[in-house]
Amino acid sequence: MGLIERFFKEPRWGVHPDDHKRPAADAPLRMLPPPARLYMPLHQHVGGAARPIVLVGQKVLKGELLADAQGNISAPIHAPVSGTISAIGEVTAPHPSGLGFAAITIDNDFAGRWIETDPVSDPFALAPEEIARRTGKAGVVGLGGATFPAAIKFALGKRLQVGTLIVNGGECEPYLSSDDRIMRDHADQVIDGARIVMHAIGAREALVGIEDNKPEAIAAMRIAAAPFPEVKIRPVPARYPMGSDKQLIQTLTGKEVPADARAAEVGVLVHNVSTCAAVHKAIRLGQPLVERIVTLNGGAVKTPGNLFVPLGTLVDELLDFVGRVATPARLILGGPMMGTPLLHGRIPLVKGASGILAFDAQEALIPAAGPCIRCGSCTRACPMGLLPIEMAAHIRAGDLDGAVGFHLSDCISCGCCAYVCPSHIPLVQYFSHAKGELMTKERAKLRSEATRRLAEARVERVERETREKAAAAARRKAERDAAKAKTAAAALATTPVTQVEGEIA
Amino acid sequence: MLIAVGSLAVMGLALGGVLGVAARYLAVEENPIEAELQAMLPGSQCGQCGFVGCAQAAVALAKHEAPVTLCPPGGKALAVALAAKLGIKADLSGVADTGPQLATVAEEICTGCCRCLKVCPTDAIIGAAKQIHNVIREACTGCGACVERCPTEAMTMVPVPITLQHWVWPKPVVAVA
Amino acid sequence: MSLHSIPAPVSAPHTTTANTVSRVMATVMLALAPATLFGFWLYGWPAIYLWVITVASAMLGEAFCLRLMQRPATPILMDGSAALTGWLLALSLPPWAPWWIGVLGGLFATVLSKQVFGGLGQNLFNPAMVARVALLISFPVQMTSWVGPLPLDAVTAPGPLAGLLITFKGMPPGLDAMTSASLLGFAKTEMSRGIDLLQSLTQAPALSWIGSRPGSLGETAGWLIAAGGVAMMALRVITWHIPVAMLLGIAVPAAILHAIDPAHYMSATTHVFSGGVLLGAFFIATDYVTSPNTPRGQLIFGAGCGLLTWVIRTWAGYPEGVAFAVLLMNSLTPIIDSYVKPRIYGRDRKGTALEPVK
Amino acid sequence: MKDFALMMIGAALVNNVILARFLGLCSFMGVTTRIDTAAGMGLATTFVITVSSMADWAVQHYLLDAYGLGYLRTVTFILVIASAVQFTELTIRKVSPSLFQMLGIYLPLITTNCAVLGVALLLVEGHMSFIGSTLFAFASSLGYSLVMVIFAGLRERLALAQVPRLFAGPPIAFIVASLLAMAFMGFSGISTG
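Protein chains in written order, with this note's numbering: chain A, 10 to 514; chain B, 2 to 178; chain C, -1 to 356; chain D, 38 to 230.
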């Protein structure tokens, strides 16, 4: 792109951080020898946690169902290795709080025996609903990080008659290269997966957006897509957050997703390249999602690169494999812009984990926050057109509703604002805090409504019981009276009838 | 003198007349605030405020006869909201905000007397005579009515445990100005 | 592994820009330096002393307040904002003003218009301009006594010692003849005497690109100030919106009325190159803290600054209006900010969600 | 025509009711915590000042001057103003209950807002024509509203600033008011020049 073209075509939003992708992206993909013990969390996706269907001590094969989807939005969990279930308990979740969540522990028997799979040779002969069903059963979720169950998105796309599938090869987060790697090494899988997804949602074309800082991936994908004119490879400017759905849709199609609406409502659906590859495996090979490519990167990593790992592997084991230069000063799951800080390394890898970053002290250093000088950098950087400066000021002053007035709900937590802030104010943390508090408030409101219903039900019950008691008492009294009347009548029967009649009259 | 008195009287009458007419045409029906206040209260009729139920408490609040801090289950958040609704400044110093709480039964002490069942405003306690009682978490409002009623002190209030779904990022600490 | 020693969670992003507040301030100072040095050469030692005094008092005022509030003074002073405030104030003062003007101004700027608001980023008005206006209102004589340029290498220029005397003991009678009005002041006085511009400007102090005329340090070297401003834009410290809008805001009405009645209204070039317009447009109105955040808001703000400057210069009692105009627009900044907002993705300008378009 | 324009600019900006004459300070400090409220107050006061000054002009000319009742000026003016305020109050309560609630006690207090009586008395001293006095009153109240709104905007931002405890609240508000008054001094000389 020429200078002038760059000036006009370059998006006005976002930031351009140092990408640190190489040399990790160029290192060939390595296989991690499966560890001796793995921990499969039941909640690796958006929606309800999976319900375990195995028992402790049970032997399972690789790919065997461990826990089934539960509820409308959920995904099943499968065994990443063959072995024995040794426990169903709690492990630390990949979450900033360091709280625990439920997981199934498997002791590897190192046999690596797959369960019997059900491959499909011609997926295009299957009904779209069948593809969605198989994808759902294979536990495929969005691998870009959102971890939304893929099958549900298929059904949505089908229902809303989406015409365009957007394949997200943006991977705009610095340091990460797992998508880059999958496009370089398995471009055919990605393209085939994308075509299967197109079939599943009934899309006419697929646009593959790849940031122009990955020329090798673009070349590989172009070759793989050459036989299929409906799949178009579209290089996009490397700019963070290009990999965000809304920004990629706008860059590729010029369409804007309305606030509070889904992308499908403007006729597009976005799937990540890794998700497409997973769909390919789920349909063509019948294999559920039990492994993925993970980037290991950061100053504290001795041999940065991409690893092919079974899910459920502990982060520490990954770091042991690639080696440490120094004790990591910070561990991050995901990229540096939006990733989750990990409190320690004994946390299992989940489906949405695209990378593990181990930062050395220098990388992890963020200067102490200073006062806001209202420079407006955050406003210019915000890809959503929000005013981070005002939202944060209101949140700091405790005025959460004020922040909502500035459309806090539209914030995608991309981190651009905090990245460019010369005062290094933790803007994203302000927003996360406010969103959490507002959610808590919302829950409290729902709860108080439920309470009111319960209280009303109780009042009704008490009233009903009193009423019934009264009725019962009245009935008993009536019965008693009747009995009394009967005896009286019996007694009266001895007296002349005319007298009784006279009494009644 | 007469002119002064007369002119003032005439002016007063004229302006008064205009205002009288205006008052008739611009009359507003006051919106009863009690209903809104009652909607804000928890509605569990637990009676900890000293009134029979939330409706009565709302009436007292609307007349400014009760402090906005009257509702222990509502906590600080409710006091602030009520104060804002009533347009007054609340003195929150007396409100100990313990955060949301739940009742729990110490199973080894519970005698199964069924007394707590009867006072629970939301029927959140299940049990039968001589059976250990249990609290349904989803239904418990944390009003604490059962704690006072329990003869063996088997009922205690504990803070609602924090889970992954309930965890909230802490507010960044700001250097004090 | 001792990863347990990691403290409470640190929120994303885990990486950040190399830009810092002190770096921004340092860039602005660098951009100001050429014009300032040129001014030093033009007005000699008294100007240098006044600059030093003003900057030092501004920093002293800040340090004093920070000590009072028991906050560490050194790191906060190191961000450079107090020094920059003093610097900008010094550039807007008459170069040979007595020492106490600098001291009062510097203290007023950082104490009363910055630290009482809570320090950097919290103030509502531009501290340098608050100080300048306060000085102008309180000491009109000292604040309007300008000297003609007397370059350091000129024979009559006061040496280091004589300069000290001028700054601390006032102007010696012999040099009193040097004082004269600035161009704007001169025109205003003549106008009030009934002499119109066509006549008065012929004997006015020469208007020159070089800056060789009576005025403040920041007034004379217009082209160096403008160059500094353009450099800041290139370095993305400021955007073009405020400077361009402000220059247009003053040039457009000036050009129109000058075309109609040249005897009573000065030309656009005279307006733009006199007084503090260039300094104001590039360095003062662009102050982050007191100007709007959005590009459109900045356009409104800049145009307002320019227009008000022109109105005050043309019709009001004061010959120069930049400081007043900037303060007035500072006061409107919160309102501009609350009504001019960027369009949010997926919403229209009013904030309602867009209609889905297939 | 030009005289009227200059007089109006003078009344609104140069001799601003609040910043130069220091009238109406109670509402200036009282209802300027939010821009909407301040604008509502400005609107209400504008209405009251304009209407009551028209009525006052009539009272002055046809009653007080005509019958030599100058000593009744304050009483009659206040009577007129109080009625205008009552009328405004009724209207706002009908049209915008939320604004009515936000203005609270300050709405009836427009009666004792010295800006209203002050403008009326200034008009008498100025011996202006009916149109002139109406325009003067209108411009004065516009100046009042402008400063109210500007000050409310500044205070909204102040509410979010980390003002030292010593200055938080009214002290900093008064400092801001003084700086604002200083900025408005830039307009001085317009009406005379």
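Keep in mind that a hint or two might mislead.
[Unchecked claim] With a straight-line Cα cutoff of 27 Å, these simulated DSS-like cross-link-like pairs (lysine-lysine) come out:
| # | chain 1 | residue 1 | chain 2 | residue 2 |
| --- | --- | --- | --- | --- |
| 1 | A | K478 | A | K495 |
| 2 | B | K131 | A | K450 |
| 3 | B | K64 | B | K86 |
| 4 | A | K454 | B | K131 |
| 5 | B | K90 | B | K172 |
| 6 | A | K454 | A | K444 |
| 7 | B | K64 | A | K444 |
| 8 | A | K493 | B | K64 |
| 9 | A | K478 | A | K454 |
| 10 | B | K86 | D | K39 |
| 11 | A | K167 | A | K146 |
| 12 | C | K167 | A | K264 |
| 13 | A | K444 | C | K167 |
| 14 | B | K77 | A | K444 |
| 15 | A | K167 | B | K86 |
| 16 | B | K64 | D | K131 |
| 17 | B | K64 | A | K146 |
| 18 | A | K264 | A | K241 |
| 19 | A | K146 | A | K68 |
| 20 | B | K64 | A | K454 |
| 21 | A | K255 | C | K167 |
Bear in mind the hints are in silico, worked out from the structure with no lab data behind them. Owing to the predicted nature of the structure, the values given are computational and were not obtained by experimental measurement.
Hint check:
1. Restraint check: the Cα-Cα separation between K478/A and K495/A comes to about 25 Å, which is no more than 27 Å; the hinted pair holds.
2. Distance restraint check for K131/B and K450/A: the Cα-Cα separation of roughly 39 Å exceeds the 27 Å cut-off, and the hinted pair is therefore not satisfied.
3. A hinted pair counts as satisfied when its Cα atoms are at most 27 Å apart, and K64/B with K86/B qualifies at roughly 13 Å.
4. In summary, the hint linking K454/A to K131/B is not supported, as the alpha carbons are separated by about 36 Å, beyond the 27 Å threshold.
5. Simply put, K90/B and K172/B have alpha-carbon atoms about 25 Å apart, close enough for the 27 Å limit, and the pair holds.
6. For the given pair, K454/A sits about 15 Å from K444/A by alpha-carbon distance, which is consistent with the 27 Å threshold.
7. Restraint check for K64/B and K444/A: not satisfied, since their Cα atoms lie roughly 35 Å apart, outside the 27 Å limit.
8. Distance check on the hinted pair: K493/A and K64/B sit about 55 Å apart at the alpha-carbon level, beyond 27 Å; violated.
9. For the proposed pair K478/A and K454/A, the alpha carbon gap of about 36 Å is over 27 Å, so the pair is violated.
10. A hinted pair counts as satisfied when its Cα atoms are at most 27 Å apart, and K86/B with K39/D does not qualify at roughly 50 Å.
11. The hinted pair formed by K167/A and K146/A meets the criterion: a straight-line CA distance of about 18 Å does not exceed 27 Å.
12. A C-alpha spacing of about 71 Å is found between K167/C and K264/A, which places the hinted pair above 27 Å, so the restraint is violated.
13. For the given pair, K444/A sits about 63 Å from K167/C by alpha-carbon distance, which is inconsistent with the 27 Å threshold.
14. At roughly 20 Å between alpha-carbon atoms, K77/B and K444/A fall within 27 Å of each other, so this suggested pair holds.
15. As the CA atoms of K167/A and K86/B are separated by approximately 47 Å, the hinted pair breaks the 27 Å bound.
16. Restraint check for K64/B and K131/D: the C-alpha separation of about 23 Å stays at or below 27 Å, so the hint holds.
17. Under the criterion of a C-alpha separation no larger than 27 Å, the hint pairing K64/B with K146/A is inconsistent with the structure, at around 61 Å.
18. Proposed proximity of K264/A and K241/A is supported: the alpha carbons are some 17 Å apart, at most 27 Å.
19. Our distance criterion of 27 Å between C-alpha atoms is met by K146/A and K68/A, whose separation comes to about 21 Å.
20. A C-alpha spacing of about 25 Å is found between K64/B and K454/A, which places the hinted pair at or below 27 Å, so the restraint holds.
21. Straight-line distance between C-alpha atoms of K255/A and K167/C comes to about 68 Å, which puts the hinted pair past the 27 Å bound.
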